[in-house]
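Engineer: Here are the chains, one letter per residue:
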Amino acid sequence: MLIAISTVLFTACKKDPSSAPDFDENNLAPLSVEFDNIAGGRTLTFNNTDVPYTNAKGEPFTLSLLQYYISNIKVTTISGKEYTVKQDDSYFLIKGSDKSTRFAKIKVPEGDYSKLTFVLGVDSLRSTMPIDKRTGVLDPASGSNMYWGWNSGYIFFKMEGNSSVITDDQQGDPSGKKQFKYHIGGFGGYSSSTINNIKTITLDLSNAGIAKVRKDRQSNIHLFVDVLKVFNGSNSFSIKEHPNVMFSEYSVSIGKNLSEMFKHDHTEN
Amino acid sequence: MKTKYFKYIFLVCLFVYACKKSDDVQEKAVLFLGFQKPKNFPEPVYNLANNPITKAGFELGRTLFYDPRLSRDNTISCGSCHIQSSAFTHHGHDVSHGIDDRLGIRNSPPIMNLAWSKAFMWGGGIYDLDLQPIAPITTHEEMDENLENVLHKLRAIPTYRNQFKEAFGSDEISTAHLMKALSQFMLMCISSNAKYDKVIRNEGNISFSTIEQEGYQIFKDKCASCHTEPLFTDGTFRNNGLAPNAINDKGLYTATLLDKDLYKFKVPSLRNLKYTAPYMHDGRFLNLDAVLDHYVGQVQDTPNLDPILKKQTSRGINLSNDQKTKLLAFLNTLNDEDFIHNKALAEQ
Numbered sequence: 001m002l003i004a005i006s007t008v009l010f011t012a013c014k015k016d017p018s019s020a021p022d023f024d025e026n027n028l029a030p031l032s033v034e035f036d037n038i039a040g041g042r043t044l045t046f047n048n049t050d051v052p053y054t055n056a057k058g059e060p061f062t063l064s065l066l067q068y069y070i071s072n073i074k075v076t077t078i079s080g081k082e083y084t085v086k087q088d089d090s091y092f093l094i095k096g097s098d099k100s101t102r103f104a105k106i107k108v109p110e111g112d113y114s115k116l117t118f119v120l121g122v123d124s125l126r127s128t129m130p131i132d133k134r135t136g137v138l139d140p141a142s143g144s145n146m147y148w149g150w151n152s153g154y155i156f157f158k159m160e161g162n163s164s165v166i167t168d169d170q171q172g173d174p175s176g177k178k179q180f181k182y183h184i185g186g187f188g189g190y191s192s193s194t195i196n197n198i199k200t201i202t203l204d205l206s207n208a209g210i211a212k213v214r215k216d217r218q219s220n221i222h223l224f225v226d227v228l229k230v231f232n233g234s235n236s237f238s239i240k241e242h243p244n245v246m247f248s249e250y251s252v253s254i255g256k257n258l259s260e261m262f263k264h265d266h267t268e269n
Numbered sequence: 001m002k003t004k005y006f007k008y009i010f011l012v013c014l015f016v017y018a019c020k021k022s023d024d025v026q027e028k029a030v031l032f033l034g035f036q037k038p039k040n041f042p043e044p045v046y047n048l049a050n051n052p053i054t055k056a057g058f059e060l061g062r063t064l065f066y067d068p069r070l071s072r073d074n075t076i077s078c079g080s081c082h083i084q085s086s087a088f089t090h091h092g093h094d095v096s097h098g099i100d101d102r103l104g105i106r107n108s109p110p111i112m113n114l115a116w117s118k119a120f121m122w123g124g125g126i127y128d129l130d131l132q133p134i135a136p137i138t139t140h141e142e143m144d145e146n147l148e149n150v151l152h153k154l155r156a157i158p159t160y161r162n163q164f165k166e167a168f169g170s171d172e173i174s175t176a177h178l179m180k181a182l183s184q185f186m187l188m189c190i191s192s193n194a195k196y197d198k199v200i201r202n203e204g205n206i207s208f209s210t211i212e213q214e215g216y217q218i219f220k221d222k223c224a225s226c227h228t229e230p231l232f233t234d235g236t237f238r239n240n241g242l243a244p245n246a247i248n249d250k251g252l253y254t255a256t257l258l259d260k261d262l263y264k265f266k267v268p269s270l271r272n273l274k275y276t277a278p279y280m281h282d283g284r285f286l287n288l289d290a291v292l293d294h295y296v297g298q299v300q301d302t303p304n305l306d307p308i309l310k311k312q313t314s315r316g317i318n319l320s321n322d323q324k325t326k327l328l329a330f331l332n333t334l335n336d337e338d339f340i341h342n343k344a345l346a347e348q
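Protein chains in written order, with the numbering used here: chain A, 1 to 269; chain B, 1 to 348.
To be clear, the hints were calculated from the coordinates, so they are not data collected in a lab.
Hints are all accurate, no fakes.
A short, non-exhaustive set of chain B residues, derived as facing chain A with CB atoms under 8 Å: (1) Gly125; (2) Asp128; (3) Asp130; (4) Ala135; (5) Thr139; (6) Glu148; (7) Leu151; (8) Thr175; (9) Met179; (10) Ala255.
Ideal placement from N, C-alpha and C gives every residue a C-beta, glycine not left out.
With the hints as constraints, model all of the structure from the sequences given.
Structural biologist: And the structure:
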C-alpha cells in the first residue's frame, strides 16, 4: 500500500513524460539555446589585465568586445524529424557584454530533440534582402556596428581586445594601444563568388542531454562558446602576426576556427 | 448698412483666397510627375515597385539629402560633396573632402541616372541603392556618423515626423524609411535632356553639327563598347590602364578579393563631363585633353588591363588630333543644362 502510494506520488511529481508527444508543427513550445561564452577553463571577463588569458602560442591577451550572429536554427528529434525555426524569428545577436542576449529563444514543436543546427553569421539570402527586411538585430542602425556599409554585408563575428605582443608599427597598432581586431564576415557575394564565412554548426545533444520540449516548461540547451578556439582552433595563429583581420583571405582561415567554438555542455529540461 | 457691405467684401475675399489656395495645390500636384522613364532609356534596374516614388517621399528625400544632420557634427550633407551645379559631384576636388577636412581616396561620383545602375561606388561593394547611403554616412573621411544617431536626431524634429508620415504612412523614422526616401530623391536625379537626347528623340528639329556627327561616329567606333548609349556606361568594372596611384587603390578587388578584379573601377558615364572635372576614380585628370592623352599614349599594362585596350599594336586607343577635336565636340552634346538647373533637385 505504502509502495503504491509512493509510486503514485512519485509519478505525479515527475514532470517528464516517458514518451515524446506526437510531432506537430502547429503545437509549438518554448526552447532556448544558451550561448555561454567562456575562455578555455575560465569564465569570460572583459579587460582582465591583472590575469590575462593566454593562447596556444603563449601570447597573453584580454578581450574588450565579443559579438556574433546566430541564425537559422534547426532541431532534429530522436526519430529524425526536423524543424526549422521560422526565418523571421531566427536571427540573434549574442553580445558578450550583455548577459541578457545569451539566449536564443525560439519555438519548436513539442518533442525530444537530439540534434541542434544553427548558422554562425547571416545567411546569404538575408544578406541580400531589401532594406525593409533588415529589422531588429539586422537593422544596420541597431547600434551594434555589425554591418559593413562600404561592402554591403554583416560582420558575423567580432572580437576585439589587447595584447602586449602587438607591435606599435603599421603591422600592429600604430596608436600604441596594442589592440587587436577580428571582424569576420563575408556571405559569398552579390554577383561574383567572394569569401564565404557562413558557418553551419551541428551539435549532437545525445551525450550531454537531449532537449525535452514541452509546453509547460522551458527547455534550455546550454552551450559553451570557447573564445580561445578563435586562436587555438585547427588553424591556430599568432596575435602578433595577425593583429587585425577583417575582410581578407586570412579571415577564411580564422572562420574555420570559429566553427570549433561551440560545445554542448548540458541541457536543462 | 456699412457693416453688411464690409461683411460682403470679406466673404468675397475669403472666397477668392480659398480658390487661390486650391489652385496652388493643384498646380503643384500637376508639377510632380513622379518617376518618368525617358523615351530613349531602357527599363530601370531599381525595383520601383518596392519603393514607389511619391511627391512626399521625393521631397523628404531632398530635405534629407541637403541636411547636414546626417553627419557627426552636423556640418556635412550629401549635397556638400554632390553639388548640383557640378552634376552632383565635388567640383575641383580630386578626392572628396569630408568632415574635419578629412580627405577620402576617391573622386565624388555624380548622383545621376542611378535608377539604371546595378552597382555603386568606384570600387563596387554596394549593389542596392537603398543600402548605398550607409557608406558615406558612416565612413570616417566622409560624414563619420552612425545610423542610429542620425535616426535619433531626425526623430527629435517634429517636421520630420510629419514628413515621414506623409511619405510612408507612419511617423516611424526607421532605417528603411530613411534609406527609401533618400533613394526617391536620388532616383529622380535623371539627366536625359542633353542635346544628344533631343537629337536621338527627334525633338524640335535639333540635329548634330557636322563636327558633332563625325565625333559621334568616332565615339561609336572607339568608346561605345564600354560607354554604352544611352547611359554612356555599361555599368561594368574595368581596368582602363591607369597607373596604380600612390595608395595603390585596387578598385573592385578590395570588395571581392578576386585577382580578376584587381585595378578594375566602375565605368563612369560620359554625360555632363563639362561639369564633373576632375576625372577618374582619383580625379587625377583635370581636363578632358588629359583623359584623351591617357587613352592615346599612357595606358599601362597592369593586371587585368581591359582586352579592348590591347587590340592596337600600341596599347590604348588610336586617335589623331583631328579625331580628338571631333570627339570632344560630340561629348559636349552630352551636357545637360536642364539637369544642372532643375529647381526641383536643388536645396529648397
